[in-house]
Amino acid sequence: MNVTMTINGTKRSFDIDPRMLLLDLLREKGYKSVKKGCGEGSCGACAVLINGRPRNSCLLFAAQCEGAVITTAEGLGTPDHPHPLQTAFVKHGATQCGYCNPGSLIAAKALLDTNPHPTEEEVREALDGNLCRCTGYVKRIEAVLDVASGGKKA
Amino acid sequence: MLKHLTQFYRPASVEEACALLAARDSRNVALAGGTTIAAVNDTTIEGLVDLSGLDLSYVRRTSDGYVIGATTPVQDIYKSPVLTGPAGQLLRSAAGKIGSTLLRHSITAGGNLVALFPWSDLPPALLVLDAQAVCRRGVPKRTVAVKNMIETGPRHYLQTGEILTEIQVPEFGLGTGVAFRKLSKTKNDYALITVAVRITLQGEEVKEARIALNAVCKKAQRRLDAEKQLENMVPTPDRIASAAAAAVRDLDMTTDFRASREYRQEVLPVLVRRCIDEALHQARS
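The listed protein sequences derive, respectively, from chains A and B. Mapping the first sequence onto the working numbering, position 32 (from 1) lands on 32, and the numbers just tick up by one. Mapping the second sequence onto the working numbering, position 57 (from 1) lands on 1057, and the numbers just tick up by one.
Hints should not be assumed to be uniformly reliable.
Stated by the list, open to error - Pair by pair, the computed Cβ-Cβ distance ranges are:
| id | chain 1 | residue 1 | chain 2 | residue 2 | range |
| --- | --- | --- | --- | --- | --- |
| 1 | A | Asn-2 | B | Met-1001 | 18 to 24 Å |
| 2 | B | Asp-1250 | A | Gly-52 | 46 to 52 Å |
| 3 | A | Phe-14 | B | Lys-1218 | 40 to 46 Å |
| 4 | B | Gln-1202 | A | Asn-8 | 55 to 61 Å |
| 5 | A | Arg-133 | B | Asp-1055 | 54 to 60 Å |
| 6 | A | Gly-9 | B | Leu-1224 | 22 to 28 Å |
| 7 | B | Tyr-1263 | A | Gly-136 | 27 to 33 Å |
| 8 | B | Lys-1141 | A | Cys-97 | 37 to 43 Å |
| 9 | B | Arg-1274 | A | Glu-121 | 34 to 40 Å |
| 10 | A | His-81 | B | Asp-1189 | 25 to 31 Å |
| 11 | B | Arg-1027 | A | Asn-2 | 49 to 55 Å |
| 12 | B | Arg-1284 | A | Thr-78 | 44 to 50 Å |
| 13 | A | Asp-17 | B | Asp-1189 | 28 to 34 Å |
It should be emphasised that the hints constitute simulated quantities derived from the structure, not laboratory data. As the structure is a prediction and not an experimental result, all values here were calculated from the model. Glycine residues also receive a C-beta, built at the ideal position from the N, C-alpha and C atoms.
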């Protein structure tokens, strides 16, 4: 079957098996920022924005995304022009092994898109589906709050 | 993995979706958010009928309460500015305790009710709110008590070619208090105990008491004996304690690796009592 979606601003069509999960399709097509962690919606490493909503791509059939606008971490910024959240994650040491970072960044972007000035509690809740086993969680919360404050909390 | 899945349908109307589900010899099943179906191993399913194109995602105020579309993500319930009264508060409280933020953007109101797991958080809230479910089989529709649907088991309750399209929840206004508690090892983990309570007062007496549980039993259920301990009486600490004790009595308590039967038996009445106290406090204020 055919499915058409806009990924990071580019409209793309794919011939897929209806069993295919969005996570597998994205990785197969080169969006390697989307990670496979638990495969059951617990870790958030596979999170992408779908029509503005942060969702686990491991629990979505690719066929469900017909006409969807999808953003992966590749769509946030580039090494030369990183997204402010990416810059803040580096600055605050919110990255070690890096495996959770794409999903965490997506969840953080979804929060700031709808709530530009969240409280710490709101940041914690927005990232509650993204497990991180390196940084102890505090640094990425500081990073998001830094971006939300326009760098004033640096 | 759905090993034998070969078809994926995207109907544009409820009628079309129901026809696909009712098709003779079809092995089609309805797909809402997908968090259950995408993770299961099922070799019987051959077709998925995606309900996301049916315009069933909404939370609206009506003259006597709220209507929630079946494919509304539970995150939208949690954050809804429309849900303002006690019933609305209970819905938001229950919806906000479902899984993680990422999962709440995928899990739908209808899916949480129809899939009906022991850890589902909306069903006990819907039970204490006397909610109704609108089920459609193409054009024909019936409005049924969520309580009946849960008692039968939603998947058995729905006829072939029938889908849940909307949940209707009455609002109760002044004199009503609600409480919802979920006990789990972490915020996102499956519930060990879920308690929902609604108390509606008439003067000093309890006019209606609703106490529902989940996670301690195979599926959400009201505790009628516990409710009777409070109804048509002035609630005293002794009566509240009796109601909490009755909520546990004759309950086929779940035991699993997360928590033993004995642990749940010990903690459940405490949570029920706290929920009743909280609901009463709100009802009186």
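Evaluated hints:
| no. | hint | in the structure |
| --- | --- | --- |
| 1 | A:Asn-2 x B:Met-1001: 18 to 24 Å | holds (22 Å) |
| 2 | B:Asp-1250 x A:Gly-52: 46 to 52 Å | holds (48 Å) |
| 3 | A:Phe-14 x B:Lys-1218: 40 to 46 Å | holds (41 Å) |
| 4 | B:Gln-1202 x A:Asn-8: 55 to 61 Å | holds (59 Å) |
| 5 | A:Arg-133 x B:Asp-1055: 54 to 60 Å | violated (41 Å) |
| 6 | A:Gly-9 x B:Leu-1224: 22 to 28 Å | violated (57 Å) |
| 7 | B:Tyr-1263 x A:Gly-136: 27 to 33 Å | holds (30 Å) |
| 8 | B:Lys-1141 x A:Cys-97: 37 to 43 Å | violated (52 Å) |
| 9 | B:Arg-1274 x A:Glu-121: 34 to 40 Å | violated (22 Å) |
| 10 | A:His-81 x B:Asp-1189: 25 to 31 Å | violated (39 Å) |
| 11 | B:Arg-1027 x A:Asn-2: 49 to 55 Å | violated (23 Å) |
| 12 | B:Arg-1284 x A:Thr-78: 44 to 50 Å | violated (59 Å) |
| 13 | A:Asp-17 x B:Asp-1189: 28 to 34 Å | holds (33 Å) |
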